[in-house]
Structure formats: C-alpha cells, structure tokens
Amino acid sequence: MGERELKLLGTWVSPYVIRVRVVLNQKGLKYEYFEQDLTNKSELLLKYNPIHKKVPVLIDNDQPVCESLVILQYIDEAWSKTGPSVLPTDPYERAMARFWAVYIDDKVFLASAGILKATTEEAKAEKIIETMAGLELLEETFKKCSKGKPFFGGDTIGFLDVTLGSCLVWLKATEKVSELTLLDGNKFPKLVKWTEQFLSADCVKEVMPKVEKVEEYINKTLKPKWAAAATSSK
Amino acid sequence: MEAEEMELFGIWSSPYVLRVIWALNIKKIKYKYIEEDLNNKSNLLLHYNPVYKKVPVLVYKGKPICESMIIVEFIEETWKNDSIFPKDPYEKAKARFLAKFVEDKLSPPMWRFFTTKGKDQEEAYESFTDYLAILERELEGKEFFGGENIGFVDILLGCMSYVVPIYEEITDFEIITKEKFPLLHAWMQAFLSSDIVRDNLPPRDELLYRYRKIREAFLSKDN
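These protein sequence lines are chains P and U, in that order.
Following the numbering used here from start to finish, the first sequence increments by one per residue and tops out at 234.
Following the numbering used here from start to finish, the second sequence increments by one per residue and tops out at 223.
Calculated from the structure, these hints are not laboratory results.
Honestly, I wouldn't trust all of these hints.
[Unchecked claim] Take a look, some chain U residues computed to stay more than 12 Å from chain P by CB distance:
1) K41
2) I65
3) E73
4) T78
5) S194
6) P202
7) L208
[What the hints assert, rightly or not] Sample of chain P residues at the chain U side, in silico, Cβ under 8 Å:
8) D62
9) C66
10) Y74
11) K193
12) T195
Think of the CB as a built atom: it goes at the ideal place given N, C-alpha and C, for glycine as much as any other residue.
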C-alpha cells in the first residue's frame, strides 16, 4: 500500500483554511502546505479549483477537494479509522452539526465581517446586533451539543468546534479594530470558556495566526482594498 | 414506520420542499405533509424552525431538521436503502461540491435573469450559461448526475427541470435547448419523467401564474 500524498493550498489568514489544518492535525495526517497569493493566483490553484479559484483546496493523490465544509467531511470519511471523528455518528446530531456550521459561516462570521466593512455607524450597529444574536444562539447550542464536556464535539474537537474556532482570531481582531466586545464573558460564559479550551489545543495552536497579525492584515490590506473597491464602483 | 413518525412542513410552490419530497420518495418513506401559509406561519413551524422560520422542515419522531440539503443528507444517513450518494468518499465530496455550486453560484444569476430585463438580464444570462456549461460537462457519459439513478446533485438541481421551461415561456428566451446544452436538455426530460418526480411536481398552470406575477412585480419596482 503506497503512501498517500496530501497537499493543501491555503492562506495563513483564512478561517476556511485554518479549520482544515486543525482537522488534519487532529487526525495526525501529514501534508504539504502551499501558501497562496490570492492577488496573483498560482497555476496550482487555477488547475485544482478552476470554478471558484479559492482556498482551501485539499489535493489527495492529485484529486482535488474544494469548499472547507466539504473537505472536512471528506477527511472524516476517507480517514474514518484514523484519529477522532470530526462529525458525530448519529444522523440527527450530524444534521444539527451541519445546520449550525452553515449558520456560523453564513450568519455569524459574515455579520462580524460586516462590522469591519460598515461605512456608517448605523450599518455597523446593525451588524454588531446580528453578530451578538448569533453568538447568543451559539451559546445555547454549545450547552446542548457539549452536554457538559469541553467541546461542541464532546470530549474532542469536532465539526462545530473547528468551524467556529477557526473564526475566533478574526472575531478577536474585529473587537480590537472596531473597539468593541463580541465574546463577552458575562453574556456568553460557556462560549468564552470554550474559546480558551479550543485555542490552547495542540492541533490548533500551530495553525492559528496571532490576533495582532490579523489586526494588521485588516488595517493594512483589507480595509484599503474595500475602500478602493468602493471608490472605483462610484 | 407509521406516517405519523415523519412530518414534512412545506408550501406547494417551493423547490426546496420538493427536494425533500423526492428524497423521501427515493427511500420509499411514508410521511404526513402539512401545507404552511407563509403569510400566517403556524406555531408549530415557528417552534420547529425558530432560526429561519422557513420551509421545508422535516420532523422525525418529534425532532426537527431544517434546510433542504441537510434534510436530504439526514434522510440518506438514516435510511440505508436506495442510496442518494455514492459510496466512495471522493465521489461523495464531488457531489457535495457540485450541490453547493448549484446552490451558491447557479441560482442567484438565474433569479436575476428572471427578475430583470435589458442589460441586467443579458449579464445574468451570460453568468449562468457559463455555469450551465460546467454542469453539461459533468453529465458526460451519464444519464443523471448520480449515474444510472437520481442522486444528490439531481435532487438539488431538479427544480430547474420544471422552472426553466416556465422562465422560457414567460421571458420568451431560450435557455436550455437541445442545440446549446444537449445533455442538460436530455437530463431534464429524464428527470421529469422518472417515477419519483413525475407525480410530485407543482401544478404547471398555477406555477406559471405565480411566476408571471413575480416577474411583473419586480419589473414594476424598477420603473
């Protein structure tokens, strides 16, 4: 049986990439990582993700898998006997995990990005309310899923842990850049405790960027890019 | 299983609800259907789907599952007969990827095409025909995206088989023809005439009327 060659195309700052790396680490899978420059897309990226031209892309023996949540499920199914499971085994719990993962990406993370993008105080306030409402639901979801254990996935980091966990540094950087508190220990005590558990896990520490670096990225790269796009579309 | 164990909350015109109905049919699962009035949502719907307050909602043994793609995966994982997904993890990943592509990339420009006119409509048409070309390539050598049988991607894309002819009639535009997209054209016919779909389509006249009103409303908003 030959060695399986795993490659991952990603960027250091993308939560969608970070979550894949956490799971690969947790499963103990070795892979070659290729940092991408999305302003100058590589041939590798265009070859393996021609439709979206985005990261992450997992390449398993030359076969590409794209879309972070699809990749996570692929890793879970292709390496089902290696390391802890990413998704629960019960179909109903799997449905719940999938539901909340999509909610995290489509509602909570997008709303928090909206805080950074907002050009008026009103728009910003609206996005803050949306983000906080999302975190409130996630606090309740955490109580139901964890059943008293440290993670959404129970004893080990699972699908929801990596989906939300990969956004944590962005949430913290957004707090600093926008001078507000999102992960409020008074409002979301269980979630905040969970963030500490998640961020201190070995499989997470080595791939999670520093908050300061993300803050710098937001201020020096992202915001100017958004401002330029806004001016050019007027 | 008794039909009471499985309830589906829906509306007659929703393509998302139909996805669930087709999946239940593939698996030969009996269920009780409850028609909702989205202008007057039932307490049950609000209880079962407090986050989005939308249909479809599948309730199995009292536990609700929301979002059509997630419901179909739940059905697949709970009932092992008549698979909707391939067994191989890589083929499964491809199916999930294509399904997400249909949802995220194809649907918005198709809707934009239907609800606009002039230059906006032309631009929307250019966008989605590029995406249709991708789907056309995926069908090479196959009758359905799932191979010999209807699978996950077929279910997700399925509403296109009856909505596109309606769009064509209302906008007087040719979208999927034998000449432009031969495989997709053949797929639409095969899908519509299959056992699980044939008797589970919304009534065409009512749908035509409904979609005409929608397009009129959007076009009059722009004036």
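So, going through the hints one by one against the coordinates:
The Cβ of K41 of chain U lies farther than 12 Å from every Cβ of chain P, with a closest approach of about 19 Å, so its non-interface assignment holds. In this structure I65 of chain U is not separated from chain P by more than 12 Å, as the shortest Cβ-Cβ distance comes to only about 5 Å. A Cβ of chain P approaches the Cβ of E73 of chain U within 12 Å, the least distance being about 7 Å, so the stated non-interface status is violated. A beta-carbon of chain P is positioned within 12 Å of the beta-carbon of T78 of chain U; the least distance is around 5 Å.
Distance to chain P confirms S194 of chain U as a non-interface residue, since its nearest Cβ pair spans about 25 Å, more than 12 Å. For P202 of chain U, the shortest C-beta to C-beta distance to chain P comes to about 26 Å, beyond the 12 Å cut-off, and the non-interface label holds. Separation of L208 of chain U from chain P is adequate, the least Cβ-Cβ distance of about 32 Å exceeding the 12 Å criterion. Given hint, D62 of chain P at the interface with chain U, is violated; its Cβ is 11 Å from that chain's nearest Cβ, farther than 8 Å.
Against a cut-off of 8 Å between C-beta atoms, the interface hint on C66 of chain P holds, since the closest Cβ of chain U lies about 6 Å away. Satisfaction of the interface hint for Y74 of chain P is found here, the shortest Cβ-Cβ separation to chain U being roughly 4 Å, below the 8 Å cut-off. The interface hint given for K193 of chain P is broken, as the beta carbon of that residue sits about 24 Å from the closest beta carbon of chain U, more than 8 Å. Hint on T195 of chain P is violated. Least Cβ distance to chain U is approximately 22 Å, over the 8 Å limit.
Hints 2, 3, 4, 8, 11, 12 from the list above are not met by this structure, while the remaining hints are.
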